[in-house]
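There are 2 protein chains.
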Amino acid sequence: MSLTTSSTPQGFSAFITNLGIRDTTDDFVVIKSAVPCVADGVFTQSLFAGPSVTISRDNLKDSQAQAIVVISKNANVANGAVGIADAQEVLQLVAAETGIAAHDIVIASTGVIGRRYPIEKIRAGLSGFGKKLTAVDFDAAARGIMTTDTVPKLATRQIGNVNLVGIAKGVGMIEPNMATLLTFFFTDAAIEANSLRSIFRSTIDKTFNCLSVDTDTSTSDSAVILANGLAGEVPLEDFANALQEVAHELVLKIAKDAEGATKIIEVTVDSAINYAQAKKVAKAIVNSPLVKTAIYGADPNWGRVAMAIGKCETEQEINSEKVVIRFDNVRVYPDTLSPENLEQLRQIMSQDKVHIHVSLNIGEAAATVWGCDLSEGYIEINGKYST
Amino acid sequence: MSLTTSSTPQGFSAFITNLGIRDTTDDFVVIKSAVPCVADGVFTQSLFAGPSVTISRDNLKDSQAQAIVVISKNANVANGAVGIADAQEVLQLVAAETGIAAHDIVIASTGVIGRRYPIEKIRAGLSGFGKKLTAVDFDAAARGIMTTDTVPKLATRQIGNVNLVGIAKGVGMIEPNMATLLTFFFTDAAIEANSLRSIFRSTIDKTFNCLSVDTDTSTSDSAVILANGLAGEVPLEDFANALQEVAHELVLKIAKDAEGATKIIEVTVDSAINYAQAKKVAKAIVNSPLVKTAIYGADPNWGRVAMAIGKCETEQEINSEKVVIRFDNVRVYPDTLSPENLEQLRQIMSQDKVHIHVSLNIGEAAATVWGCDLSEGYIEINGKYST
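Each protein sequence line maps, in turn, to chains A and B.
Position 227 of the first sequence, counting from 1, maps to 227 under the working numbering, and the rest follow consecutively.
Position 85 of the second sequence, counting from 1, maps to 85 under the working numbering, and the rest follow consecutively.
Read the hints as simulated data drawn from the structure, not as lab findings.
Just so you know, not all the hints are guaranteed correct.
[What the hints assert, rightly or not] Selected chain A positions facing chain B (in silico; Cβ < 10 Å): (1) A124; (2) S127; (3) N287; (4) G303; (5) E321; (6) V324; (7) R326.
[Unchecked claim] Sample of chain B residues facing chain A (criterion: CB under 8 Å; computed from the structure): (8) S46; (9) G125; (10) G128; (11) F129; (12) Y275; (13) D299; (14) A308; (15) I318; (16) S320; (17) V324; (18) P334; (19) S338.
[Unchecked claim] Capping the alpha-carbon separation at 25 Å, the derived lysine-lysine pairs in DSS-like fashion look like this: (20) A/K206 / A/K132; (21) B/K61 / B/K206; (22) B/K121 / A/K384; (23) A/K280 / A/K353; (24) A/K280 / B/K280; (25) A/K353 / B/K384; (26) B/K256 / A/K384; (27) B/K132 / B/K206; (28) B/K132 / B/K121; (29) A/K256 / A/K121; (30) A/K256 / B/K384; (31) A/K206 / A/K353; (32) A/K61 / A/K121; (33) B/K121 / B/K61; (34) B/K280 / B/K353.
What you are looking at is a predicted structure, and each value in this text was computed from that prediction instead of being measured.
Backbone N, C-alpha and C define an ideal beta-carbon position, used for all residues, glycine too.
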C-alpha cells in the first residue's frame, strides 16, 4: 500500500485560542474526537514531572481518551499543591464544556518552570468554548503548542482510507528519555489497544528518543496518540511504517528548528556489540559541545569525534584500534588525511545535514541518532528566555 | 603549621622554549629534578588515550620519576603507530640530553587531535638543550603548557621548610575522569610513595575530578606529582592540606579561564544518600546548558535547576517534594518567590561566582563541583580552533 501525504483524519474538532498566558500568540489548544479513541502516551522520566504529566499518565492507563488539551508558554511544573489544583481545574473546565469525562482527557503543558498559571485568564478564556469547536486546522494547532519554536512541526500520511497526522513542538531542553517534548498523533484508523501501544512505543524509541538538542531532559515531555477508528482497519505493518515516517519527519523538523541550530547532525554507529552500546556512542558524539561547535564552524577537526567515542564507558569495551570514523563517504580515521580530504571534509561539514558514521567493528548492532550544531543563537535565546 | 604562598621547591631546573609547533609561543617544557623523585600520576580514562598517557602511566608504575616533558599545541592522539614512535623518540632525545633514563621521564601532550608532531622541528629544537637548563620559572612553565588558555595557572604553598608548586592548563574539553587536563605538582618534601599516592589521589578526586567545563573528557588528561625530598619531612596532614589548597586554587583558575566563561558556577548538593548521588546531581546541574546560559544571562530562571535535578537517575530515588534549592542564601524552591526575591536572585546571578545549593534531605552525604557559564565565546573559540 503506498503512503501519501494527505488530508486530516475524520471525526476530530478543535478550539485554538490565545488566553494571554505570555503574549498574544495562541497558547491554548483542545482537540476532541467525536467518539472515544484507543490511545497511548509516553512521558518524561523526570523526577520533577509536573501535574500535566502525572494526570495524563493516569488518564491513559485504560488506553482510552477522547480529547487532548495543551497549554503553552507555562509548564506548570514545580508549583506544588497549587499546580496540581490548577491542572485539575483546567480539566474540569474542559470536561464541562465538551461533555467528555475528565479521566478521558489528556493534558499537556510547556513553557517556563516554577511559575503559576494565570488561572483567572484561563477561566475567562475557556468560558463557553464548547460551542466554538470547529474542524481542526492542524497547522494552527501545531502553532498553538509552540514556545520558542520558530516554525510549526506537522507531518501527515495516508494509508488507504486511513489518515494520520502528527504535530510536535520543541527547540530546547531536548534529550527525551522515553518520550519527547510534546508530540501528538491523530488517526482515524481502527486499531486494537495492544497493537497501538506496541507500535507507538517502538516508533517513539527509534525516533524521538534518539533525538538530542542539549542533553537537558524536559519535565514536560509527552507523546500521545489518539485513534478514533472512524476510517476502519489497515494492515498493521502499513500503519507502523506510516507512523515511523511521520515521527521521523517530525524529529528532523525539531532538530532543524532547535534553538540556535544551523545544521542537523545525524550520527550512525554500527557493528557494535548491542543496541545500547551503539546508541551510547552515537549520543556521546551528537551531544559533544566540541563536535557541535566544530560542525557549526565547518572546522574539519574530526579528532573531536574520536574524543567523544573515547569518553564512553560501555559494558563491552570499545577497541580504539578497530574503530573507523567517516563523514559521509570520507574516511577520517584511522587514515591520514590529505589536504584534498580536509577540504572535502570542510565541504561536508558545510552542508545542512552532516552525517557522521562510526564503525566499532566488534559486533552487529547499529543505532542512528539526531541532533544539531551549537551556535551563538542557543546562548542568545537561553540567556534571556524567562524574563 | 601555617601555610604561606611562597617560593619554589629546591632542586628543580627547566628548559622552556618554542619549537614552532603551532605559533611562536612556548610549546615545549622540560622540568627535571637533581635527584630521583617519589612520584605519582593519574590519567584520562579515555579509550582514545594517546601514547603520552600510556607511556607515562607505565613509567610511573614504580612510583619514581625525575623529569616531566610537556609538548603543547599538539596532543599526539589518534596517530597510530607513528604517534607512538614519535613519543618514544621525544623521550629518547630528552633522556640523551638530561642523562635521565627514559623510563624515569613523564611525557604529556596537549592540543589538536589526529595531527602528527612536526618531528623535524622537535629534533632541531631539542639539540643541545641539556646544557641550557636553568632555575625553573614556574610562571613561564605554566605558560609553556597552555593551548587556548588566556592566563597561566599557578598556585604555591609553603609547609615549614617544604615548598609546593602546582601548575595546570585547560579551558575546554574538560570533564576529567580520574584525572584532569594537564596539571603538575612539584615539591621538595620527603614523603613515602604510598602516602604520596593516597594523598594525591584523594586530592585529585575532590578537586579536579569535580570540575567540568563542557562534559567532554580529554584524551590527554594527566595529573602528576614529583617529590624530590630535598627539604625533608613535614607532617602528612599539613602536606595534604597544602596540596588540597593548591589543587583547589588551580581548579578555580581553570573554571575562571574556561573557554568563553564569564562566571564560575559552584554547586553543592548535600543531605544525599551517598557521595555518588550528591556528585551526580551536582554535575547534572553544573553541566546543564540551560542552567549555564541562564547564569550567563543572569536570568533568574531557577526552574532549570529543578529540571536538571529531575533528569538524574540515581540508585536511591530522589523525592522532588523533599528537595530545597537555594542560590546563595535565597531559597527558590519550594517557596513562591516575591518580585524582591527575583531581583535578589538576578543580583546573585550577576556575581563572578554563583553558588547553587541543593539539599535532597534524604541522607548525610555531600559533594561540591565547579564549572562555568556558557557564552557566545565558547562557540566562537570552538568553531574555529583547529584551523
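So, going through the hints one by one against the coordinates:
1. A124: violated (23 Å)
2. S127: A/S127 check fails; min Cβ-Cβ to chain B is 27 Å, beyond 10 Å.
3. N287: holds (8 Å)
4. G303: holds (3 Å)
5. E321: This hint holds: A/E321 lies near chain B, its Cβ roughly 8 Å from the closest one there, short of 10 Å.
6. V324: violated (12 Å)
7. R326: Hint on A/R326: violated, closest Cβ of chain B at ~14 Å, above 10 Å.
8. S46: Holds. Min distance 4 Å.
9. G125: violated (23 Å)
10. G128: violated (31 Å)
11. F129: violated (29 Å)
12. Y275: violated (18 Å)
13. D299: Check passed: Cβ of B/D299 comes within 6 Å of chain A, closer than 8 Å.
14. A308: holds (7 Å)
15. I318: holds (5 Å)
16. S320: B/S320 check passes; min Cβ-Cβ to chain A is 5 Å, inside 8 Å.
17. V324: violated (12 Å)
18. P334: Given a least distance of 6 Å, the restraint on B/P334 holds.
19. S338: At about 13 Å, which exceeds the 8 Å cut-off, the nearest Cβ of chain A leaves the hint on B/S338 violated.
20. A/K206 / A/K132: Measuring from Cα to Cα gives roughly 38 Å; hence the hint is violated.
21. B/K61 / B/K206: Given pair B/K61, B/K206 holds - Cα atoms ~23 Å apart, limit 25 Å.
22. B/K121 / A/K384: violated (49 Å)
23. A/K280 / A/K353: Cα-Cα ~21 Å, so holds.
24. A/K280 / B/K280: holds (18 Å)
25. A/K353 / B/K384: Measuring from Cα to Cα gives roughly 19 Å; hence the hint holds.
26. B/K256 / A/K384: The given pair, whose Cα atoms are some 22 Å apart, holds under the 25 Å limit.
27. B/K132 / B/K206: Answer violated: B/K132 to B/K206 is near 38 Å, above 25 Å.
28. B/K132 / B/K121: At roughly 18 Å apart (the allowed maximum being 25 Å), B/K121 and B/K132 satisfy the hint.
29. A/K256 / A/K121: Distance ~34 Å between A/K256 and A/K121 Cα, so the pair is violated.
30. A/K256 / B/K384: Between A/K256 and B/K384 the Cα gap is close to 22 Å, so the pair holds against 25 Å.
31. A/K206 / A/K353: holds (19 Å)
32. A/K61 / A/K121: Outside the cut-off at roughly 31 Å; violated.
33. B/K121 / B/K61: violated (31 Å)
34. B/K280 / B/K353: With Cα atoms ~21 Å apart, B/K280 and B/K353 stay inside 25 Å; holds.
Going through the hint list in order, the structure does not satisfy hints 1, 2, 6, 7, 9, 10, 11, 12, 17, 19, 20, 22, 27, 29, 32 and 33.
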